[in-house]
Amino acid sequence: MKNEARLAAPAGPVLFFDSGLGGLTVLREARYLLPYERLLYVADDAAFPIGRWPEADLKARLLSLFEGLIAAHRPKAVVIACNTAFTLVGDALRKAHPQVPFVGTVPAIKPAAERTSSGLISVLATPGTVRRAYTRGLIDSFAGQCHVRLVGSDTLAELAEHHMRGDAVSDEDLLAEISDCFVERDGRRTDIVVLACTHYPLLANRFRKIAPWPVDWLDPAEAIARQLVRVLGSAAAEEPAQAPDSAIFTSAPKDPVLERLLAGFGLVLINDRVVRRRGT
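So the sequence shown is numbered by UniProt numbering: it starts at 1 and just counts up by one.
It should be emphasised that the hints constitute simulated quantities derived from the structure, not laboratory data. Misleading hints may appear alongside valid ones.
[To be verified] Cross-link-like lysine-lysine pairs, in silico, BS3-like; alpha carbons within 27 Å at most:
id: 1; residue 1: K95; residue 2: K110
id: 2; residue 1: K254; residue 2: K209
id: 3; residue 1: K59; residue 2: K110
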């Protein structure tokens, strides 16, 4: 019955959502595993950074935006490649759109707790993810025997956007955002940092160079892509898509730098009036 339900799903693209460029890390992993799927990337950059929004306002915005996206594009599945968005509206979206499978992104606290040797874990996230009860619940459920430090950054997602666009981002600015992740206690050190925002893996190589000691920077992108494969099941495309993969940004930018960056991920930047109208 589950496979039949999936086969009856709309034959549209797999939709990836984030507030900016971070979800591209998830889309890249998904393309490796699902090379024939048509992919649509949607960035609510008009609201970026969404971690600073009041929860009630952000929830209303996201629910309205997805109503328009799902009606216009009839996605086969939706990947919410944003911890802040999914932990806030994931349940509500599943209730509002039961015909669409949703794959979410949550802080990778469970695998971190399973891998740590020192028992000292840090979760590097946006302020919205840090203060959400969902995150605390993950810690209570899966990392009760560990010391987990939550580190909220106001600017790291923005620094990642600047880095991806080729703007200068100093080591000093990055170190100021990640330094609180490194804890020493009773001769033990933090050995895993959970990257609980899809923007942060874009800076992982920089983090490795400036970190005070080596740690495992836990990137959830591959695990999310594998979950998408499981959700699609036998409904996964087996032949190349006829339409190109595309990207929509709610601010409707006309930015040659962005267009070149997206082309590197195999995406064509397009405009969508429905999304722009709801993303204002």
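Legend entry - Numbers of unmet hints, in rising order: Hint 2 contradicted; others consistent.
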